[in-house]
Each structure stands twice: as C-alpha cells, then as structure tokens.
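Novice: Next come the chains, spelled out residue by residue.
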Amino acid sequence: MNCRDINRLLIAGTDPSAWPAEARAHSESCARCHDLLGLEFASAAPSQPAFSPAPGGVAQAVLKDLRPVTPLAGNGVLTLVLVAAVAIAMALLLAIIGAKGFPVMSNFQRIAFGAVLIGMLLVTAVAYVKRLVPGSLLTIPVRPALAALSTIFFCLVAWQFHRSYDIPMAAANLQCYEDGVLGAAITFMVGWWSGRRGFWKGNRAAIETLCLLSAAAALLMLTIHCPLQNARHVFIGHGGAFLTAIAVGIAARFYRLRKR
Amino acid sequence: MSEIPIADGPMTDAPVPLEALMVHYQRADAIATEKLLNLLWPLLNRFFLSMPDSRSGAEDLAQETLLRIHKVRHTYRPGEPLLPWVYAIARHVRIDHFRRQRRRTAHEEALDGHELEQKADVSGGRSEESTGDLKTLLAAIPESQREVLTMLKVLGMTVEEVARTTATTTGAVKQKAHRAYETLRKLLERDRPPGSRKVAAAK
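Chains as they are written, first to last, in my numbering: chain A, 1 to 260; chain B, 1 to 203.
The following block holds chain B by itself, in its conformation from the complex:
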C-alpha cells in the first residue's frame, strides 16, 4: 500500500489528492468532506451518464451514491486507490436502480398488459436508427461487456481499476473486453455495405 501524506491538523486550501481528502473525511474534517464531495460530484455524474441504463437519472443516482458513500465511508482503507472504491459503490447504486426499474416495469406490465419495453428504452436511452452509431453499437452488446468497454474506453479507466470496480479479476475484465471487441467487429461487418465488404476483402 502506498503512503499518503496526511496532515494531522484540519485541511487547508492547498490541492490534496482524493485519497488524502477521504482520510480527512473519515476523521470528520468538514472542509475536506465538502471539498471531496465537490470533486466526486462531476466524476459520478460522468460515470452514470456514460452508462446507457443510468443516463436518465444520472443526477439522482450521483446524489444517492454520495449518501451511500457517507454511510459506508469506514470501508475505505487508507492507502488504497479511492476512485475504484467510489465507482464500485456507484455501480451498486446503478444495479439497484436497474432492479427497481425492472420491478416497476414488470408491475406496470402486469397492470396494463403492455409489452415489456426494450432494455435500452427502459433505461431512458433513445432509439437511434443510424447504423454505425457508437451508442447504438454499444447498446447491442451484452451488458457485462458493455460495462467493461465503457469503463475502459469512455471513462478511461485501467484494467486493474475496472477489475476493482466490478469486483472481478483482471483476467475476467480482459476476457470481457476481448468478447466486446469481437461483438463490435461482427456488428460493424454486418453494417458495412456489401460493396465495401468486397473491397475490404480484396485489400
């Protein structure tokens, strides 16, 4: 575990790493807490906005995550990277949100007798017709693969950070990413016009 420089006294205005702010938060330092909440807010918003099934209620989910972080702040261990810990909690909030939505949709379906909406639509995603559109392509790959790919490519996380966030091994993350790329290749090949396919094959 890496050592984090942590002053014994209260926080000052100097820039401090997130991990050090978290340690001060655990010690009930109000200035550090406020600073940390303000720094985490845009990161959490970005996290939820980048996932199709949590895009519609990103702000609410980010708020819920901050409150949940407050409740379980003792589970952060000084010296560990903070962002995977934060994103892991955010991921649980997102899964809970998805479960709630599924239950609500199932309930509405039972009342109205309507067809269950498509998962992407349940989650607030818009139906995008244009083929080759990245969001459409991402929506077409399985959820677990999409989640890994989004974290790696859209949020710019490392393989280890994704493994920590999703509570899996780095090997499992790499395998999911491999599969996601293969699925994307197949989708891109399917969407390619027949003429260009021949040209590509001739190349």
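So that you can see chain A by itself, here it is in the shape it has in the complex:
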C-alpha cells in the first residue's frame, strides 16, 4: 500500500472505515496521507436548504415560453447523419478537383491509409456528436486518439511514399494546402449544419472538436485526391492543411481565456 493506493480509494469514494487493513495502516503511518484524510471536505459544502422555490421571474419566463420540444436523436443516428453529410460534401469536392490518389496506390496502401483515415474521421465525429449533448460520457479522449492516428498516418507516409517528380513541388504543396483548407472549411460548415440543434452557446469544446473533424476529413480528401507519393509533399501540403485546421480549433477554444 502506498499513497497512490490511498488516492484510488479516495477517488472511488469508499468510506475509510471500510478500507482494507493495509490501507488503514498506511494512512496511520504516513503523515502525508494522515493529513490528507484529516481534511473535512464536507465543510466546504455551502449550507443550503434542500428545497427552496426558484425565483418567480425565472419560473414565469420559462412557463410563458413553454411548448413541446422533440429531444435530439441518439448518438448513433447523429453520427451517421454527420458522417454521411461530410462524405457527400467531400465526394462533391473530389468530383470537382479529381480523385487521382487512390488509383495510384497499392492495395496495402489503400487499406492502411483508408483504415487510419476513416478511424480518425469516426473518432472525431463521435466526439463531436457527444460534445453537442451536455452530460455525454466520452469514452475515447479525442485529442490523444487523433494524435496517435495522425502519427501512424505520417509514419506510413514516410515509409511508403518515396517517389520524386519532375514538377515544381512548391506550387504542388501550395495547391494541396489550399485544397485541404477548402475541404476543412466545407467540412466545418457541413458539421455545424448537421449539429445545429445541439448545445452551442459557450461550448468552445464543440468548435474545437469540429475543427479536429474538419482536419481529419481534409486529410482523407487530400489522400484520395493527390497522386503525388512524395513524403515531403505530404508533410508540407497535406500536413500543413491538417495542422491549420487543428490550430484554428485550439485557438478558438483557448484564445480569449488566456488573453490578458
């Protein structure tokens, strides 16, 4: 038994009298844990009556505006609608700018890149839908999951894409960057439209997660669109658009809070 085990018991909310003998022995011998257990957290609770009526003004305002509402659809339905809307938007964009990337890939590349990118899209879409509903339980931490999947993606790129092309790469990088940012912007609008009935006011986490979804969709769209199998190009052009969308999301969430 050590202090971390005592933390676990405290977090689980078990009563110290019901703790195992080793835990009780540790809390008595360890001065740090002994002091911590001595804190009366309940004393910080405000003394409030169990029942007191809400102010008349608020109750009246609510009752005056009372009309039936239809609850939001389930997470599964919302995610399906969102992914379908994003897929349609990306398909339309690809119909305009061309889908030349997938035909030049090997089967392994199609499966590997497809799995990672679809995984990114689904993780962010599920997280976004949950952000729109207050009190939802997140099961996958979206930022670490996206970081892990994007690391796998760029490692695959570094491993698989070694071709060189006799074209001005700077222009190609810029073109893909612009296409990616356009794709991310379209995804953002489609995502906002799909989730417009959700909880938005003051919900910057939803904006951030929508930007992460846009970044994932942009990367998927660029992988299908771009035929250049050059790692540096993908890092700069595709990765640039991906990181721009993520940066916009993080800035939207934290900018004002940190501004002095």
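Treat the hints as calculated values from the structure; they're not laboratory data. Nothing here was measured: the structure is a model prediction, and the numbers come from that model. Just so you know, not all the hints are guaranteed correct.
As a list, the in silico SDA-like pairs of lysine to any residue whose alpha-carbon atoms are at most 25 angstroms apart [said to hold, decoys possible]:
(1) B/LYS135 to A/ASP15
(2) A/LYS64 to B/GLN63
(3) B/LYS174 to A/HIS26
(4) B/LYS174 to A/PRO16
(5) B/LYS71 to A/ASP65
(6) B/LYS135 to A/LEU39
(7) A/LYS64 to B/ALA20
(8) B/LYS71 to A/MET189
(9) B/LYS186 to B/GLN175
(10) A/LYS64 to B/LYS35
(11) B/LYS135 to A/ARG8
(12) A/LYS201 to B/GLN101
(13) B/LYS135 to A/PRO16
Got chain A; can you put chain B on it based on the hints?
Specialist: Coordinates of chain B only, in the frame set by chain A:
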C-alpha cells in the same frame, strides 16, 4: 438506457424522479416544469456556491442556468441521467461568467493601469490567511483539478457523473483527482510545523 416510468397524462402531486419531470417538461407540462425548476434551484445554487470563482454571483448564475436549460431542453435525451446534463450546462454558464469577468478586469486594468487582481479575488473569494484552511488549500491547486475535486468531495458526485459534467473520460477525471491529492499533500506538508514533520517522519 434505463427506462423511466412516464405517465401519459399531466403531472400529479406524487414524488417523481427528476428525469421523469424533465420528460414532462419537454412535453410542455406546466406543473412538472415548475416542480423541476424548484428542485433544480437549490442544487444549482449549491453547485455555484461550492466553486470559488462563481461564489459571488451564485444566484444570478443559477437563474441564467435555468434559462439556458429552457433554451436547450431538447438536448436532454430521455433515459439519460439528468443531473450531469444540468451540471454540464451550469459549468458552461460558469465558464462564460469567468470569461466575462476576465474581459472586464482586463478592460479595467487597461483604464486604470492597476495590477490584475488575483484570480481568487476576481471571483469574489476572500483572502484567507490561515494555513491549512480547506478553502485556501483548494484555491492553491490548479482550476481543472480543483473543479474535479470539488465535484467529487464537496458535491458528492461519482467519477462518471464528473466525467459527464466536464465532458471528459473517467480516466481523465481520475488522473486530475490523483494530481489534486498529490498537490494537497505537498501543500499540507509545506504548512506542517518543522517539529511535527520530524515526528511524522519518525512514525
């Protein structure tokens, strides 16, 4: 999702769970709505009073939360626990309040050239000098850890309820609580008189 017994007709005076009242509220039942507002009012007051940075305007924030709940009542899904949904909305109201206060303070600072007040003072908390005072200790730990610890220990919420309220995973909640306890241990050790430290070490 658990099933909630919901009568088709209007509400009666019999005690009904909050979730069932919410479903009636979504159906525009005036009696259920009033009952629910009256039940949520003390809970919201308690929520805001327990957080140092929302203590000063707890009643206003509770009122604002009730109005916001009314606007987004369609985002509650029957069968889901109600209180994490309510507290999640209250938490957004609290964050908005904190942002507004930061902006106002920054504006005043620009006008007066005064130093930005300490966060605890901005939020209406009083400076408490006594070491070992729980409120002082809680004020000394980072905001995200303090929020989790307050919800767990002061408001008596479960880890899952805190995760739902703060829109994170249960793992993240546990990690923050762990860190909060470690910070509290360090603060308590620092505040302990040197003599007693030796005694404790000898034990």
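Novice: All the hints need checking, so say for each whether the structure fits it.
Specialist: Status of the hints after comparison with the structure:
1. B/LYS135 to A/ASP15: OK: B/LYS135 and A/ASP15 at ~22 angstroms, within 25 angstroms.
2. A/LYS64 to B/GLN63: Given that 25 angstroms is the threshold and the Cα spacing comes to 16 angstroms, the pair holds.
3. B/LYS174 to A/HIS26: holds, 21 angstroms
4. B/LYS174 to A/PRO16: Status holds; Cα separation ~18 angstroms.
5. B/LYS71 to A/ASP65: With Cα atoms ~9 angstroms apart, B/LYS71 and A/ASP65 stay inside 25 angstroms; holds.
6. B/LYS135 to A/LEU39: holds, 10 angstroms
7. A/LYS64 to B/ALA20: Between A/LYS64 and B/ALA20 the Cα gap is close to 21 angstroms, so the pair holds against 25 angstroms.
8. B/LYS71 to A/MET189: Holds, at roughly 23 angstroms.
9. B/LYS186 to B/GLN175: holds, 17 angstroms
10. A/LYS64 to B/LYS35: Status holds; Cα separation ~15 angstroms.
11. B/LYS135 to A/ARG8: With a Cα-Cα distance of about 23 angstroms, the restraint between B/LYS135 and A/ARG8 holds, given a limit of 25 angstroms.
12. A/LYS201 to B/GLN101: Given pair A/LYS201, B/GLN101 holds - Cα atoms ~17 angstroms apart, limit 25 angstroms.
13. B/LYS135 to A/PRO16: Holds, at about 22 angstroms.
In this structure, every one of the numbered hints holds.
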